[in-house]
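From first to last, the protein sequence lines are chains A and B.
So in my numbering, the last spot in the first sequence is 54, and the numbers never skip.
So in my numbering, the last spot in the second sequence is 604, and the numbers never skip.
Any given hint could turn out to be false.
What the hints assert, rightly or not - Some, not all, of what chain A presents toward chain B, calculated at C-beta under 8 Å:
| hint | residue |
| --- | --- |
| 1 | Leu10 |
| 2 | Glu13 |
| 3 | Trp15 |
Claimed, not checked - Pairs of lysine-lysine residues, derived as DSSO-like cross-links and limited to a Cα-Cα distance of at most 30 Å, are as follows:
| hint | chain 1 | residue 1 | chain 2 | residue 2 |
| --- | --- | --- | --- | --- |
| 4 | B | Lys99 | A | Lys22 |
| 5 | B | Lys69 | A | Lys22 |
| 6 | B | Lys36 | B | Lys584 |
| 7 | A | Lys22 | B | Lys65 |
| 8 | B | Lys65 | B | Lys99 |
| 9 | B | Lys493 | B | Lys584 |
| 10 | B | Lys442 | B | Lys584 |
| 11 | B | Lys36 | B | Lys442 |
| 12 | B | Lys223 | B | Lys69 |
In short, the hints are calculated from the structure, not lab data.
From the three backbone atoms N, C-alpha and C, an ideal C-beta is built for every residue, glycine too.
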Amino acid sequence: MRALRNLGRLLRELWAFAREHKAWWIIPVVVILLAAALLLVGVSSISPFIYSLF
Amino acid sequence: MRILGLSAFYHDSAAVLLEDGRIIAAAQEERFSRIKHDPAFPRRAAAFCVSRAGGPLDAVVYYEKPLLKFERILTTSIAVAPRGFPAFAAALPDWLHHKLWLPGVIEDELIALGCRAVPVHFSGHHEAHAASAFFASPYERAAILTLDGVGEWTTTAFGRGAGNQLELLRGQRFPHSLGLLYSAFTHHCGFRVNSGEYKLMGLAPYGEPRYEETILRHLINLKADGSFRLNLDYFGFLQGEAMTNARFEALFGGPRRTPDAPLTQLQCDLARSIQVVTEEIVLRLARTLHAETGEQNLCLAGGVALNCVANGRLLREGPFQRVWVQPAAGDAGGALGAALAFYHLRHGASRTADGVHDAMQGAFLGSDYSPEEMAAALTERGLPAERLSPDVLHARLAERLEAGDVVGFFQGRAEFGPRALGARSILADARAPEMQRRLNLKIKFRESFRPFAPIVLAEDAAQWFDLTSPSPYMLFTAPVAAAHRRPAASTAKWEERLSAVRSAIPAVTHVDFSARVQTVDHTGNRALHAVLSAFAARTGCPVLVNTSFNVRGEPPVCHPREAVEGFLATEMDALALGPFFVEKRHLAPGQLSSGALPRSFSPD
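Chain B extracted, bound-state conformation:
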């Protein structure tokens, strides 16, 4: 049975192809359209998925129920009328022209792709998140926790899965939402909602939780079981004007930071405060869920599940023995969950889980390209490249990384989900003290405070990080092992703390000694494992920096052509494009510019 799962029209639209329960293809539209978090119908992602199908589709499943969502929007607009009218009027045309007619819209799109019309089904938003978390997990049975901004009505859901069954037990409803609370602080600190939340998380360790009590006293009424109610007097999202209002600004010492204004200690402290509150809520919810279900495994999904600091605490301090987080935990993963929910719950298909291996295939489910296409992309730019065997390529990469080079690493199928896991990555030496600054300012063109994540050989992870279980999807933070830490002054100003060398791998050690670890094993990503092994053999250090192969404001590269463009537009030193290897030091000045237009980088 072939099922196409779709998510669209909010943010991170995506398509997934499920064939007899196996994930054949999964991709976000942004990778093809080059529009970050593209909310449009995933036309190109669906075309890619359909191109991988072994036959005609049997069903299409959309990741939420439009009428239920429209009811929420109508109800909310009526409740706050007349104040929310401008926002309601702005949203209405899209609903009346597209979203209410989704079966017809989807049918038209499929016909345009050359598919025959098939039944269109709908999954609940949090049902899709829960299904993406449990059915794709390694567990035969587990408790399920989904947390996001809002779906139709639900913002938080408790569930339980066993075999091919999944049940949502209860939930918290809009407007009382942890995701929206976190987004309110994202907005107030001058970052983009639904995009800048991870920046806020990265900023948190520079601050102190000075506003934790203020948040708990004024903004939310948090219960012992983790449920809470927002004090809506401080928020503007019900009226659709902004996430926060004048009262919120007065409570936290002034107006929101404008996106271009410099960051101050105030934003650091706000970030730390909301992070601490978020972690407390997640931990309380997990304890309640554990007590109610008695399960030993936990599956997580929803946008809040991308908060890897909270996930790390859940793993270390939470009541569950094992925690698995869907790597595409945001709305893109809803497309996968919708397809899985239909296959197991509606179609009744059985499911096997061995307790060890998940169904995500390392999240390498996106598009891939032939060596001929890669060679053509290099030739288009007039770049000479060596074609190397895998062993030689990996050895050469290790040598250049040890020399301090920053390398673009484009190999195999692209990742599904927000993290670059070694298919569309930039690699660098984590031991170099200046590497974080160099990567941020010269390669990624982004704020200098942003931390980088380490990749580590899975077999050596315990020697370098206090990590209790594998983390193949970079969804848990863990402290750098004490043996590799170096003392650093903690009283310095936050800008000064940036340049302090805190460990033997300073480029990936955050100011609180934490790191967002990705463990790499031989079976998950053979090429990346080989590069890490070669680097470890040369240096004794099995750790490298891994960051997404993109520049500010753009999604990770998808096509080899974009990789070549990114290589030329930044100060990257080398590019490993499949079997091809290019080094800038061997290029003539004319080849370096290659006629590329000057690039401007939009804020992300």
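Just chain A, same shape as in the assembly:
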């Protein structure tokens, strides 16, 4: 819940920043980087279970 609140706050700030500075390009870049980070964290946390299966 707390993570979702922080994510919502970051996205709101990102939107406000992009609008103020006319830097719309930063939104997809940050979103992709965050998604990649999330994926890496996810992969690293499930990989021990995958290894144990094989």
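For this one, chain A is given, so just place chain B on it according to the hints.
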């Protein structure tokens, strides 16, 4: 209204508590964590500030805008891609895990401190520097100049302040930065960036400006108004690999000096050259700012404002009648500026300035300790100490200083900012010819060329130094007065010039007769003023050496326990710890070692 200002995650993280516009507490994290220039979230400094609050916090203000900074990092990385990728990839996890989530991070930290969640606000980096310079200054109105490596995008800013208003007029943007240019030479001469710049400044008087023309011809395009563009062909910081590159090294006669290699005349000449160029840029910027604003007062902040040689020239040769420099001019002071900017600019609170007194309270804004805590620190080490009344203590200190002793002086609240101003200081007799060498090699364990700063009774300062205004924060250099100078050969090798006696106070007289003066008045630091007065009464000399109470690689001591450790680990002769006085000559050999572990001193 209670505001907590924070700076963190770059270097010199700090916390400041502002209560109805008054600075209640301010401290750098390094003093508590014992990690020099600690960049971590200032958890312990914030805890200290919150412990001094008279009630719950109303707001927290962070000293820069993370998204704007991240935009700069992304833009720069894309511009130099693919070369900067390794540095970008190394920095990215910290951004993705912490810096982009700052409001949440700060909220969590506050809750851990037992505070309720309050709104988190952000100030611009140079807005924070400007606010720390102007709102804390004695002036009702002033021009403002901020200079540092880089904040979000800005590297230099012109501003103007009046009453409770402050306006940034224009600025210079990354990568064209005076701070980064100076840091490039710091790196090339083998010193640590963001730490060794003051060493380069201290080395400069040993050299000649042989490379000034080379710098101006190849490295920067300097305009008459002080603005400039760096020639990026010679720098590596855009790619994040190093400050300089192979072309820079080829231009200045070879690879960078490794930190352990001996210093040569080349580094002295490079230091002098970049110092001369820096001073020229600062003076041109000041003239332009003066012409544009018409103001008579100047407020300075940003890391470059700690260059007290440039500040001294600005005071003597610049167009402004008065100059005030924020004592915590680096990023630590950003925490103060962020809080002040929020209070006056966002909250709209009024401000009073009497033209004489600043808001810094002598910069004695850090932690203090009770006599019981000091006694406990001494007892832990088995050290017998006399408890003396202030008058007796000051007289005893003067007597030991006259005898040539080096004394640790731990009194009252710790300083905020990089300078020891007489709360966490080491004092010594400035008249002793061997004192500089002894302090450097036996007490501070640092390079022998490093100069020491004098403290002088404010009422006697004009007799000893060519100083045109008070310098309570040790932020201006001034020449030693001609009456106290002694002729010294200027053609000797730089190592030989070290040992020349150049004045009646050789321990604090640099090879060019300059000194980084701190004037001490009765109201600013009563205890230090009393010691100086007692020493002057005995010797006729109202000047002493004042250097920070630390050893190489460590921040100044904070807790009495660290003062006792420092006293035992070095060849200091005596320690004045609050009301307690300890002399090594009265200690038994067993008490001297006191079971202390052998100390190793890391490079600073």
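Hints versus structure:
{"no.": "1", "hint": "Leu10", "result": "holds, 6 Å"}
{"no.": "2", "hint": "Glu13", "result": "holds, 6 Å"}
{"no.": "3", "hint": "Trp15", "result": "violated, 11 Å"}
{"no.": "4", "hint": "B:Lys99 x A:Lys22", "result": "holds, 22 Å"}
{"no.": "5", "hint": "B:Lys69 x A:Lys22", "result": "holds, 15 Å"}
{"no.": "6", "hint": "B:Lys36 x B:Lys584", "result": "holds, 28 Å"}
{"no.": "7", "hint": "A:Lys22 x B:Lys65", "result": "holds, 16 Å"}
{"no.": "8", "hint": "B:Lys65 x B:Lys99", "result": "holds, 10 Å"}
{"no.": "9", "hint": "B:Lys493 x B:Lys584", "result": "violated, 37 Å"}
{"no.": "10", "hint": "B:Lys442 x B:Lys584", "result": "holds, 15 Å"}
{"no.": "11", "hint": "B:Lys36 x B:Lys442", "result": "holds, 21 Å"}
{"no.": "12", "hint": "B:Lys223 x B:Lys69", "result": "holds, 27 Å"}
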